[in-house]
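Participant: What follows is each chain in one-letter form.
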Amino acid sequence: MPYNIVVLLKRVPDTESKITIRDNAVVTEGLNFVLDPYAEYGLEKALQLVEQHGGKVTAVLFGPEDAKETIRKALAVGADEAVHIVDPALEGGDAGTTAHVLAAALKKIPFDMVWAGKQAVDEDNAQVPLRVAELLDLPHVNSIIEFEISADGKSARCVREVDGERDVMVTTLPAIFTAQQGLGEIRYPSLKGIMGAKKKPITDWNAAALGLDPATVGKAGAQIEMVALMPPPARPPGKIIPGDAETAAKELARLLREEAKVI
Amino acid sequence: MSNDILIIAEGRAEGLRKVSLELVNAAQQLSTALGGQVFGAVVGKGVSAWAETLAKTGVSKVFVADDAGLEKFAPESYASALAEIVRAANPAVVLFGASGWGKELSARAAAKLGWGLVTDCTEAKIENGTLLLTRPIYAGKAIAQVRAKQFPVMVSLRPNIIPPVEANHAPAPIEPVSVTLKEPRAQVVETVSKPKSKVDLGEASIVVSGGRGVKGPEGFVPVQELADTLGAALGASRAAVDAGWIDYTHQVGQTGKTVAPKLYIAAGISGAIQHLAGMSSSQVIVAINKDPDAPIFKIADYGIVGDLFQVLPALNEQVKKLG
Ligand SMILES: Cc1cc2nc3c(=O)[nH]c(=O)nc-3n(C[C@H](O)[C@H](O)[C@H](O)COP(=O)(O)OP(=O)(O)OC[C@H]3O[C@@H](n4cnc5c(N)ncnc54)[C@H](O)[C@@H]3O)c2cc1C
Ligand SMILES: Nc1ncnc2c1ncn2[C@@H]1O[C@H](COP(=O)(O)O)[C@@H](O)[C@H]1O
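Note that the protein sequences, when read in sequence, are chains A and B. Each number in the working numbering corresponds to the 1-based position in the first sequence with 144 added. Each number in the working numbering corresponds to the 1-based position in the second sequence with 3 added.
Read the hints as simulated data drawn from the structure, not as lab findings. Treat the hints with caution; some may be incorrect.
[Claimed, not checked] Here are some, though not all, of the chain B residues that point toward chain A, as calculated from beta-carbon distances under 10 Å:
id: 1; residue: ARG90
id: 2; residue: GLU107
id: 3; residue: ASP304
[As the list claims (entries may be wrong)] Each pair of labels, with its calculated beta carbon distance range:
id: 4; chain 1: B; residue 1: GLU221; chain 2: A; residue 2: THR316; range: 42 to 48 Å
id: 5; chain 1: B; residue 1: LYS59; chain 2: A; residue 2: VAL171; range: 47 to 53 Å
id: 6; chain 1: A; residue 1: GLU403; chain 2: B; residue 2: PRO166; range: 17 to 23 Å
id: 7; chain 1: A; residue 1: ALA364; chain 2: B; residue 2: ASP296; range: 47 to 53 Å
id: 8; chain 1: A; residue 1: SER334; chain 2: B; residue 2: ASP296; range: 36 to 42 Å
id: 9; chain 1: A; residue 1: PRO380; chain 2: B; residue 2: GLU221; range: 49 to 55 Å
id: 10; chain 1: A; residue 1: ILE330; chain 2: B; residue 2: GLU193; range: 24 to 30 Å
id: 11; chain 1: B; residue 1: GLN32; chain 2: A; residue 2: PRO375; range: 25 to 31 Å
id: 12; chain 1: A; residue 1: GLU403; chain 2: B; residue 2: GLY234; range: 19 to 25 Å
[Unchecked claim] Mimicking SDA-like on lysine to any residue, the simulated pairs with C-alpha atoms at most 25 Å apart in a straight line are:
id: 13; chain 1: A; residue 1: LYS212; chain 2: A; residue 2: VAL306
id: 14; chain 1: B; residue 1: LYS185; chain 2: A; residue 2: LYS405
id: 15; chain 1: A; residue 1: LYS405; chain 2: B; residue 2: LYS152
id: 16; chain 1: A; residue 1: LYS405; chain 2: B; residue 2: ASP231
id: 17; chain 1: B; residue 1: LYS197; chain 2: B; residue 2: ASP250
id: 18; chain 1: A; residue 1: LYS252; chain 2: B; residue 2: LYS115
id: 19; chain 1: A; residue 1: LYS394; chain 2: B; residue 2: ASP296
id: 20; chain 1: B; residue 1: LYS197; chain 2: A; residue 2: GLY328
id: 21; chain 1: B; residue 1: LYS293; chain 2: A; residue 2: GLY387
id: 22; chain 1: A; residue 1: LYS383; chain 2: B; residue 2: ARG215
id: 23; chain 1: B; residue 1: LYS59; chain 2: B; residue 2: ALA170
id: 24; chain 1: B; residue 1: LYS218; chain 2: A; residue 2: GLY387
id: 25; chain 1: B; residue 1: LYS152; chain 2: A; residue 2: ASN168
id: 26; chain 1: B; residue 1: LYS324; chain 2: A; residue 2: LEU399
id: 27; chain 1: B; residue 1: LYS199; chain 2: A; residue 2: ILE289
id: 28; chain 1: A; residue 1: LYS405; chain 2: B; residue 2: ASP203
id: 29; chain 1: B; residue 1: LYS128; chain 2: A; residue 2: ALA366
id: 30; chain 1: A; residue 1: LYS162; chain 2: B; residue 2: PHE154
id: 31; chain 1: B; residue 1: LYS21; chain 2: A; residue 2: VAL306
id: 32; chain 1: A; residue 1: LYS405; chain 2: B; residue 2: LEU325
id: 33; chain 1: A; residue 1: LYS363; chain 2: B; residue 2: PHE154
id: 34; chain 1: B; residue 1: LYS265; chain 2: B; residue 2: ILE164
id: 35; chain 1: B; residue 1: LYS128; chain 2: A; residue 2: ALA372
id: 36; chain 1: A; residue 1: LYS200; chain 2: A; residue 2: ASP224
All values derive from a computational prediction rather than experimental measurement. Yeah, the Cβ is synthetic: ideal placement off N, Cα and C, and Gly gets one too.
Can you make the complete structure from the sequences, with help from the hints?
Facilitator: Have a look at this one:
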C-alpha cells in the first residue's frame, strides 16, 4: 500500500560551526546551514518506506528564503516534492507559532504519516512536532529508533527510547513520528540526485495561502520572546596534574576531595 | 488565573525522581517573588505513594490523577490528565523536569491548553513581575535568556540545577482529580528494557564516561569500576556508541543525554563540540587522555595526560582509600 509521507525539515547551523553573537543575535553570514540531523533521520525513514511500499515524500520547511538551498538537499536525496513556507510576517515567533504554521500547512497536504526530528539541534526545543500532533488531533510517537508498519497497513509498531528505557509503542495511522539518532544511516546525495533536484517542484506558501491570521503567528502570536543572547561563561583554566599514573591519580583524588569537594 | 506554581512530579518503581524534589525547591523560590502557593501533582496508575511523598515536601496541596487508563504510557491520555490537573489547580506557572517524559508531555499539554512552553532551562527567575528563563542553545555555544510575555506558562527545568527539598514536612492535603480519558490511539504495549545502571544518567551527581580511547567493549570495565566506586552513572561518547561497545542510552552529547553533574570524568574522549554540548555545564570536569592537545583539556578543571588503562584503576584504588 503506497503512503503519502510528509517530513518536517528545519534548517539549522551545522553543529561544527562557530557561533558568533552580535546585538543579541547569531551572525548568520558565513554560517554553514544544514538539514536538522534528527529530522534527517526522519527523512531517511520516509524515503525507505516509500521505496518499500510506494507513495510519495513531501518535504515541508518553514524558514527564510535562503532556506531553499537546504530544501534542495532533501530533494537531492530523494524527496519527491517540497513546500517552502516563507513569509517575513511569519518570522520571529516561538515554538507555539511554528507549530501553528506547520499544522495549517499539513491541513492542505494529504498524508498517512508525518516524520520530524525529536528536537532540532539549534535550539533543542523538542516541542514543535508534538504540538502539531495535538493541534491536528493526531497520535504521536516520540524518539523512535525502530519502526515498522503492520501487515494491514493501518498501524505502526515503534521502538522508542526515553530516559534510558526502551518501549514498544503501537499507533494507528495517520500519526506523527519523531526520529531519534539510531533510526538509520543517513544517505548522501548522488550527482544524479543533485541534478535531478533542480527539476523537482518547490511550492511556496505564505501566511495568506495558509489562511493564517497575522495576529496568531510570528512576533505578534508568540508567547515567548528572546531578551538576550550571550556566549557561555568562560571556565577558569584547568590544572594538568603531572607525574606517572600512580602519582597523578593520587593527587587527583586528593584534589577532588579537598579542593573541589565533589567526592 | 492565580499566582500559584504547580510542579508536575514523576516517579519510577523506586519512588519519586530526584528532579521532582528539585522542582519543589525551584517553585518555592519563584513563589517568593510571585506571592502565590506551590502545588504538586502526580499522574499515573497506583501512584498514591508518590503523592504521599510529594505531600511532605512543603507544598500546599497535591493533585492526583490516578486512573486505570494511565497504566500504560499513552501521550494522549497523559496529556489529557495533565490538562485536567492544570485546570483544577489554575496556576500561573507549571514546572516539569526536563526529562524525556517531562519534555514530551509538557509539549503536548501546552498545545492542548494553548500555552507557551520553554523547555530545558537552567535557570528560572522572576524579574519585574515577569518570568525570565535561561537556556543553553546551539550545542552550548550560546546562552539564551527568554521571557514569558504572559502568564500562564509552562517550563521544564534540567535536573541538578538546584538542590532537592526533603520530604520531611507535615503532609499537605491530597486532592484527587477525576479524568475522562478517550481510548488512546498511540500507547506503550511493552517495555523492552529498563535502565540497567542503578544511577540514572540524566540526574546522576557524578558521571564517568568512556570514549573511543577505551578501544572496545571490555575497555568499559575500568570505567564502570570507577563509576561503581563513586556511585556514579556510566556515560559514553558517540564514537563508543557507534562502534557498538556500549548501548546508546549511555551517550552523552548533543544527540544523546545532557548531563550537568557535580563531577564529570571523561576518559579517552577527545572533546568534540557535540560531546561538550551534553556535559559542559558540569560543575567540575576531569579529563584523562593520552593526547596533551585533546580539546577536552580546554574545558577540564583537572587533567591527567596519560593512558586511561593505567590512570582509571589507579584512581579507583585512591578513591577507595579515601573511603
Ligand atoms: C550531528 C552530530 C551529532 C553528534 N552528537 C554527538 C553526541 O551526542 N555525543 C558525542 O559524544 N559525539 C557526538 N557526535 C560525534 C562527535 O563529533 C565526535 O565524533 C565524538 O564525540 C568523538 O568521540 P570520542 O571523543 O570518543 O572519539 P575520538 O575523537 O576519536 O577521541 C578519542 C580520544 O581518546 C584518546 N585516547 C586513545 N587511547 C587512549 C588511552 N589509552 N588513554 C587515554 N586516552 C586515549 C585519544 O587521544 C582521543 O583524544 C556528533 C556528531 C555530529 C555530526
Ligand atoms: N521551521 C520548521 N520547519 C519545518 N519543520 C520544523 C521547523 N521547526 C521544527 N520543525 C520540526 O520539528 C522538529 C523538532 O524541532 P524543535 O521542536 O524546534 O526542537 C525538527 O526536527 C523538525 O522536524
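Participant: Holds or violated: 42 to 48 Å for the Cβ distance of B:GLU221 and A:THR316?
Facilitator: 44 Å, holds
Participant: Quick one, is the B:ARG90 hint okay against chain A at 10 Å, beta carbons?
Facilitator: B:ARG90 check fails; min Cβ-Cβ to chain A is 16 Å, beyond 10 Å.
Participant: Given the hinted pair A:LYS162 and B:PHE154, is their Cα-Cα distance within 25 Å?
Facilitator: 35 Å, violated
Participant: Within 47 to 53 Å or not, the Cβ separation of B:LYS59 and A:VAL171?
Facilitator: At roughly 51 Å between Cβ atoms, A:VAL171 and B:LYS59 fall inside 47 to 53 Å, so the hint holds.
Participant: Given the proposed pairing of B:LYS197 with A:GLY328, does the C-alpha separation stay at or below 25 Å?
Facilitator: 22 Å, holds
Participant: Does the structure keep A:LYS405 and B:ASP231 at a Cα separation of 25 Å or less?
Facilitator: With a Cα-Cα distance of about 19 Å, the restraint between A:LYS405 and B:ASP231 holds, given a limit of 25 Å.
Participant: Take the C-alpha atoms of B:LYS128 and A:ALA366, compute the straight-line distance between them, and say whether it is at most 25 Å.
Facilitator: At roughly 20 Å apart (the allowed maximum being 25 Å), A:ALA366 and B:LYS128 satisfy the hint.
Participant: With a cut-off of 10 Å on the beta carbons, see whether B:ASP304 makes it to chain A.
Facilitator: 5 Å, holds
Participant: Hinted pair, alpha-carbon criterion (25 Å max): B:LYS21, A:VAL306. Please report holds or violated.
Facilitator: Satisfied, since the Cα-Cα distance of roughly 17 Å is no more than 25 Å.
Participant: For the range 24 to 30 Å, tell me whether the beta carbons of A:ILE330 and B:GLU193 fit it or not.
Facilitator: 28 Å, holds
Participant: Would the hint linking A:LYS212 and A:VAL306 be met if the CA-CA limit is 25 Å?
Facilitator: Since the Cα atoms of A:LYS212 and A:VAL306 sit roughly 33 Å apart, the hinted pair is violated (cutoff 25 Å).
Participant: A:LYS252 and B:LYS115: Cα distance at most 25 Å?
Facilitator: Holds. A:LYS252 to B:LYS115 sits at ~21 Å (cutoff 25 Å).
Violated hints for the displayed structure, listed by number in ascending order: 1, 9, 13, 14, 15, 30.
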